[in-house]
Amino acid sequence: MDEILQKIISALDEGEDEQISLLVRQALAIGFEPMTILENALVPAMTRVGEKFACGEYFLPNLIVSAEAMKQAMFVLEPVMRQRQQMLKRAGVAVIGTVQGDIHEIGKTLVGTMLSVNGFEVHDLGVDVTPEKFVSAVAETGANLLGLSALLTTTMTVQRDVIQKLEDAGIREQVKVIVGGAPVTRAWADEIGADGYAEDAIGAVEIARRLLDVEGII
Amino acid sequence: MSQKILSAIDPKLRVSVLSEDEIRRIHTATMDVLETIGVRFPSEKALNILEAHGAQVDRETMIAKIPGVIAEEHLSRAPSTYTLCGLEPDFDLPLDGSHSYLGTDGCGVEIIDAFTQEKRPSTKRDVSDVGRVADALPEIAFHWVPLSAQDCPVESRGLHELDAIWNVSGKHLQTESIVSEREMRFAVEMAALLAGGREALRRRPVLSIMQCTISPLCHDAGSLEAALVAAEAGLPVGFMTMASCASTGPATLAGNLVVGNVEVLSALVLLQMAYPGCPVYYAAAQTATDLRTGAYTGGGPADYLFGAATNLLADFYRLPLSMGAFATGAKQPDWQAGVDNSLSAFMAASTGADMLLGAGLLHGSRIFSYEELLMDSEIWNMLCATLRGIVVDDETLALEVIRQVGPGGHYLAHRHTLKHMRELWQPTLMDRRPYSVWEEKRDGAREWAREKAQKILREHPGRPLEDGLRSELMKIIALAEQLS
Ligand code: B12
Chain B
2 MDEILQKIIS
12 ALDEGEDEQI
22 SLLVRQALAI
32 GFEPMTILEN
42 ALVPAMTRVG
52 EKFACGEYFL
62 PNLIVSAEAM
72 KQAMFVLEPV
82 MRQRQQMLKR
92 AGVAVIGTVQ
102 GDIHEIGKTL
112 VGTMLSVNGF
122 EVHDLGVDVT
132 PEKFVSAVAE
142 TGANLLGLSA
152 LLTTTMTVQR
162 DVIQKLEDAG
172 IREQVKVIVG
182 GAPVTRAWAD
192 EIGADGYAED
202 AIGAVEIARR
212 LLDVEGII
Chain H
5 MSQKILSAID
15 PKLRVSVLSE
25 DEIRRIHTAT
35 MDVLETIGVR
45 FPSEKALNIL
55 EAHGAQVDRE
65 TMIAKIPGVI
75 AEEHLSRAPS
85 TYTLCGLEPD
95 FDLPLDGSHS
105 YLGTDGCGVE
115 IIDAFTQEKR
125 PSTKRDVSDV
135 GRVADALPEI
145 AFHWVPLSAQ
155 DCPVESRGLH
165 ELDAIWNVSG
175 KHLQTESIVS
185 EREMRFAVEM
195 AALLAGGREA
205 LRRRPVLSIM
215 QCTISPLCHD
225 AGSLEAALVA
235 AEAGLPVGFM
245 TMASCASTGP
255 ATLAGNLVVG
265 NVEVLSALVL
275 LQMAYPGCPV
285 YYAAAQTATD
295 LRTGAYTGGG
305 PADYLFGAAT
315 NLLADFYRLP
325 LSMGAFATGA
335 KQPDWQAGVD
345 NSLSAFMAAS
355 TGADMLLGAG
365 LLHGSRIFSY
375 EELLMDSEIW
385 NMLCATLRGI
395 VVDDETLALE
405 VIRQVGPGGH
415 YLAHRHTLKH
425 MRELWQPTLM
435 DRRPYSVWEE
445 KRDGAREWAR
455 EKAQKILREH
465 PGRPLEDGLR
475 SELMKIIALA
485 EQLS
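Protein sequence lines correspond, in order, to chains B and H.
Counting from 2, one number per residue, gives the positions in the first sequence under the working numbering.
Counting from 5, one number per residue, gives the positions in the second sequence under the working numbering.
Treat the hints loosely; a few may be bogus.
What the hints assert, rightly or not - Derived coverage of chain B by chain H (criterion: at least 3 residues anywhere in the stretch with Cβ under 8 Å from a Cβ of chain H; other residues may be distant):
#1 3 to 16
#2 35 to 45
#3 105 to 115
To be verified - A short, non-exhaustive set of chain B residues, derived as facing chain H with CB atoms under 8 Å:
#4 ALA183
#5 GLY197
#6 ASP201
Simulated from the structure, these hints should not be mistaken for lab results.
In this text, a Cβ means the ideal position worked out from N, Cα and C, and glycines have one as well.
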């Protein structure tokens, strides 16, 4: 395989996000097709990182730096692909955030990272996000997945408010709503009419894929 | 203090995990971060106070940089000793540097029912039931609101939780679930009612407050503003860092200590600027992130080391410490819970942490178990005995007794034995029976702990408030609900 693709693979493996942008630019400059870079370097490298994580060789920080590097590589590739009218096949478009009144961040961020590692375009709204903000982000991005994180018993009720506001805005049907966080249970998810619940980030990806009928990554 | 509460007193055994030089280096690094990087205080009220006292404030980012000399000057105003009061003076807890007290863990979201063993979301009734059991256990010196009263309205839930405990127990109460200025004002009203007025409350704080910092290097507006209200009323207030190695704090333990130290001190400095001399405490529950799941469960060597190191830091600043101990990711009261909770409590208590939190919760402070509460209490009982150490004097050297018994024979019938045997620690949950007895019954610590909890729940009425106070408390809560 070409040396430059090999370098991209190892930059992604090591999560060298600055290096990878340079390398992807270089590869484009010497004539590689964006699709080739994606399919022969980035995707297999990310899959390998995922496998190493699954078997315990890699830890979460490995996964996160590689996901970050992937994002940087896509920043370079996407405009070129758009120019050439090549479509990127996404697993879905996800909006995610921690609900209003709640500042617990890590779980939500991990769910976002795992979704993006698995081919979702992720819009992370951060923490303490109002229902209105969720609704307008869903409308603006055309998301088909909404992830609501709540770690407090006093804020989990906001998950219900968000679903209600989606109904009011007439876009409830457009988007699958998944919920999670310490006090959240499957029973709660059912009670508030969410489409799915997961106890951890890997479960979040599974449920998202099941709800949206997705196979394979990217 | 009364004999009603078991505490570790002046531990003879001392663990030292940091040298004086190492503590100084952590301090120097802390002051550097405080002064040059700063901490985010997303509250105008807090920023105004900080700025008025010489901090450099960026209104846009809401970051305040506090010069080291200013921080030190304000910290030095904090009292290093004071007393957490019970509704009954018998339960007063002097934070005098020589006692360590155990409290229940706080704010769980599910409970394993004492009778049905079913796991379910917690209610106000559960808060009160756990309160009664904790009231009856001498090992438990004070309450943290143990569970969330999820059947109560969101806007007054924290107040219902206080009400539930005060209606069953005279022990000191601490809460971590009141994170808005509005709700805190009502909590202060409730405490003042029980203490006999605002001034009396200042003298006898029957309630203390715990807030969290947001690692790395941030605070929450609601928590800050609630803390200011409590400090103004003279309630002891602590800020707890939960910096977690490799996610919200550096992967290295020393760096994590620095981040946490900056967060806690910055909040306490703010309180001292606002109300000089108000009682505050250092609080911490740092851990290491689980590298496979990202989970924050507590437990493991990082926790044990933090437990001991943080107390050295709190001592350096002459502040009482509340240390998160008894934290575990275990799902049941089992080997993992036993190891985690014994070691974390040992490390924190052997350095003299004033308050230890955490009895009773499993699965990273989420699920309350009565069995676990009883087992944690037994661990604490054992530790108090261990920390007392070995007394060496003529009576305990027992030379005369040894002479009398001589080679061979035994000490079973000696008067000296009868005199001292009750100083030897006695288990209530450890299984030392013959094998055949166990084989027949196949029970053990968990069953005994459960039975003990059930017995207390059936027989101990708690210490109900008189009807007048009871209805006055409810009036304050009703007002809080009306006004929200
Ligand atoms: C770390 C922590 C904090 C940190 C958060 C740091 C940060 N930057 O995020 C700090 C110290 C700031 C904090 C603050 C507070 N906390 Co806190 N916190 C925790 C703790 C110990 C762990 C949370 C965590 O980060 N876990 C690690 C991540 C990876 O796991 P996770 O969040 O559960 O997320 C996973 C799953 O839940 C799921 N998931 C999460 N979100 C989503 C979303 C979707 C869509 C899906 C599908 C799945 C999913 O996937 C994630 C990844 O695997 C929990 C207890 C616990 N073990 O959960 C308490 C806990 C949630 N906190 C609690 C409390 C009370 C507070 C405070 C109110 C305390 C205070 N007085 O200041 C404040 C909150 C203030 C506010 N307004 O929000 C209570 C809540 C109980 C209750 N009654 O509601 C808990 C349960 C602990 C306790 N028993 O006291 N906290």
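**Report entry** Structure-inconsistent hints, enumerated in ascending order
**Finding:** Structure breaks hints 1, 2, 5.
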